[in-house]
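Sequences are here, hints too, so could you generate the full structure?
2 protein chains.
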Amino acid sequence: MHHYFEKFEAYRQSRPFSGNPAELYEPVNYIMELGGKRMRPILALMGYHLFEEDYSPALPLAYALEIFHNFSLVHDDIMDAAPLRRNQQTVHIKWNSNLAILAGDVMLIKAYEYLLQIAEKERIVPIVSAFNRVAREVCEGQQMDMNFELRKDVSIPEYIRMIELKTSVLVGGALEMAGLAAGAADADVQRLYHFGRNIGIAFQIQDDLLDAFGEKAEVGKQIGGDILQNKKTWLILRALELAEERVRYRLETLMNRTSDDPAQKIEEVKAILEYLNVPVLAEAAKAEYQKAAFEQLEAIEVPTERKKALTILAESLFSRKS
Amino acid sequence: MHHYFEKFEAYRQSRPFSGNPAELYEPVNYIMELGGKRMRPILALMGYHLFEEDYSPALPLAYALEIFHNFSLVHDDIMDAAPLRRNQQTVHIKWNSNLAILAGDVMLIKAYEYLLQIAEKERIVPIVSAFNRVAREVCEGQQMDMNFELRKDVSIPEYIRMIELKTSVLVGGALEMAGLAAGAADADVQRLYHFGRNIGIAFQIQDDLLDAFGEKAEVGKQIGGDILQNKKTWLILRALELAEERVRYRLETLMNRTSDDPAQKIEEVKAILEYLNVPVLAEAAKAEYQKAAFEQLEAIEVPTERKKALTILAESLFSRKS
Chain A
314 MHHYFEKFEA
324 YRQSRPFSGN
334 PAELYEPVNY
344 IMELGGKRMR
354 PILALMGYHL
364 FEEDYSPALP
374 LAYALEIFHN
384 FSLVHDDIMD
394 AAPLRRNQQT
404 VHIKWNSNLA
414 ILAGDVMLIK
424 AYEYLLQIAE
434 KERIVPIVSA
444 FNRVAREVCE
454 GQQMDMNFEL
464 RKDVSIPEYI
474 RMIELKTSVL
484 VGGALEMAGL
494 AAGAADADVQ
504 RLYHFGRNIG
514 IAFQIQDDLL
524 DAFGEKAEVG
534 KQIGGDILQN
544 KKTWLILRAL
554 ELAEERVRYR
564 LETLMNRTSD
574 DPAQKIEEVK
584 AILEYLNVPV
594 LAEAAKAEYQ
604 KAAFEQLEAI
614 EVPTERKKAL
624 TILAESLFSR
634 KS
Chain B
314 MHHYFEKFEA
324 YRQSRPFSGN
334 PAELYEPVNY
344 IMELGGKRMR
354 PILALMGYHL
364 FEEDYSPALP
374 LAYALEIFHN
384 FSLVHDDIMD
394 AAPLRRNQQT
404 VHIKWNSNLA
414 ILAGDVMLIK
424 AYEYLLQIAE
434 KERIVPIVSA
444 FNRVAREVCE
454 GQQMDMNFEL
464 RKDVSIPEYI
474 RMIELKTSVL
484 VGGALEMAGL
494 AAGAADADVQ
504 RLYHFGRNIG
514 IAFQIQDDLL
524 DAFGEKAEVG
534 KQIGGDILQN
544 KKTWLILRAL
554 ELAEERVRYR
564 LETLMNRTSD
574 DPAQKIEEVK
584 AILEYLNVPV
594 LAEAAKAEYQ
604 KAAFEQLEAI
614 EVPTERKKAL
624 TILAESLFSR
634 KS
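Listed in order, the protein sequences are those of chains A and B. To convert a position in the first sequence, counted from 1, into this note's numbering, add 313. To convert a position in the second sequence, counted from 1, into this note's numbering, add 313.
Derived by calculation from the structure, the hints in this document are not laboratory data. One should not assume that every hint holds.
A pair holds if it fits inside one copy or across any two, identical chains being indistinguishable in the list.
Unchecked claim - Within a straight-line C-alpha distance of at most 30 Å, the following computed DSBU-like cross-link-like pairs (lysine-lysine) qualify:
#1 Lys407 x Lys465
#2 Lys545 x Lys407
#3 Lys407 x Lys544
#4 Lys621 x Lys350
#5 Lys544 x Lys620
#6 Lys620 x Lys604
#7 Lys621 x Lys604
#8 Lys320 x Lys621
#9 Lys350 x Lys620
#10 Lys583 x Lys604
#11 Lys620 x Lys583
Structure representation (structure tokens):
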């Protein structure tokens, strides 16, 4: 058993942010300490470990990825006017929007500083190049998400493209950059990327599903949050595609207003989704992306034994009932 | 005569920003097209040209620097709630703050994309490393500036450090990175940096001076703008240091409120500054940084002939009466 999480946390905790003025770095340490699964850095360590026995050279890359992820959370939370992140105040609420903008900026720069600490100096340029592409796509995904809030006619392929950009390219990119750092063959680097990208999409569809049909204890938050926020999730978009005129009209009406009776609204929307068989279709869509992901992992040309950690992690992401 | 400006503009204009969603890139092209002197890219081209006959390989670096500079303007304008930039609406006013945040983010990433296009591949890592340091310091300068707004006791050395971080390190950094790209000796790279850094500080002191004591036609904006905004410029901070109790109290009173009679306020503050001999002291401080700058330029080990463009440019920055 390898202790990827513990190794990453030890590395991160011994490198807190500091500098002058101190006010700039307080919110950075705050958001970095809020926790989370550290999924992207762990994937980077596991990806590197496919090819190299000692995966500690991947720690600066892992840290850069986690800093970038948290930068995007700080800025997205301003844009989404989100009061809470991991049950704690968001940076722009605890401090203010100006500091949240500037702290985010310095985090993005710090991510590049850690990329330059990658030991394999001759591989830094291709890694930074991949990082640039992924970082730009994450911004494009956020813009797409903001655009969708103003649109009524979002298609499923558009939705998939949005979640792909907003979250999955970074999951795929973490593995891709780890492969680049380890000196993996181009074909394997590509497989790592598409493994992560497909895992990311499957995970987001599952997330949409659990938000409406999960058990509260297992999901760790109130069921039906997306429905109450009128979010255009995979479930809602698919339902709008499938519904006959009368049902579609009712669903649109429900999703266009704030309900006086939240529990009743959640029940009615879920009833419509089930009437249209959407949960089963979502499971099938998720399973397809999962399958595509595992095919990529299987094709990577290293002994199966080496892939155990990634296989277990990826399976654990989908082991919840939904 | 070399056409640095025209060459840079031709390069920039043939590389407009594009991508999906288009909404994300519109404000980027808007701010990049607002104009300006293109000081940082021109300095980078001139710095490279000290060492190499053909300076076109420095164009991607020059563009990266101008993109970074404009990124910082977009985010700073949100933080400063500035309605206008170069007499046009700022991005967050013309669109909204969310788009200004995200457009700025993508610009910062795009700056790194252009850094990776530098032809001298083996020099990219040291250049990106210098860029990271400068970019971080620019954020720190903005934080210092925001801190100063809430403080009464800012000293001249603190003020100099703030303008150094907020603007001069990028001027110095542009020349430093150009030297790195051209493969200059370490000592010359350092001289280039300190030449630019000192020029930047001298220019900012001159800017403070012109805002209060320049001619409107020459400054291109209303005289006394800083005074009406109660900005703690070099002039005001030096005056507060020098003034006896009674005058200091009067100056603080004037700087703590919005006047009903702007012209009268400007006149009285200027009278206090002149009474304390502050304009002469500012000229002397400016001259000292100018001198330090030109000493660095002289020490660079290339024929004097090669330094002509940088000398003429630097002198032209200070040729206005003030």
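Evaluation of the provided hints:
With identical chains, the CA atoms of Lys407 and Lys465 are at most 30 Å apart between copies only, with a shortest distance of 25 Å across copies and 34 Å within one. Taking CA atoms no more than 30 Å apart as the test, Lys545 paired with Lys407 passes in both settings, with 28 Å inside one copy and 28 Å between copies. Taking identical chains as interchangeable, the C-alpha atoms of Lys407 and Lys544 lie at most 30 Å apart whether they share a chain (25 Å) or sit on different chains (27 Å). In this homomeric assembly, Lys621 and Lys350 come within 30 Å of each other (Cα to Cα) only inside a single copy, at 19 Å, whereas the closest approach across copies is 57 Å.
Taking the shortest alpha-carbon separations for Lys544 and Lys620, neither the intra-copy value of 36 Å nor the inter-copy value of 61 Å comes in at or below 30 Å. Proximity of Lys620 to Lys604 under the C-alpha cut-off of 30 Å is restricted to the intra-copy arrangement: shortest distance 16 Å within a copy versus 63 Å between copies. Taking identical chains as interchangeable, the C-alpha atoms of Lys621 and Lys604 lie at most 30 Å apart only when both belong to the same chain, with a minimum of 16 Å there against 65 Å between chains. For a Cα distance limit of 30 Å, the shortest separation of Lys320 from Lys621 inside one copy, 18 Å, qualifies, whereas the shortest one across copies, 55 Å, does not.
Taking CA atoms no more than 30 Å apart as the test, Lys350 paired with Lys620 passes inside one copy only; the shortest distance there is 20 Å, against 55 Å between copies. For the identical chains of this complex, Lys583 and Lys604 are intra-copy neighbours only, at 27 Å inside a copy versus 74 Å across copies, given an alpha-carbon limit of 30 Å. Proximity of Lys620 to Lys583 under the C-alpha cut-off of 30 Å is found in neither arrangement, the shortest distances being 38 Å within a copy and 73 Å between copies.
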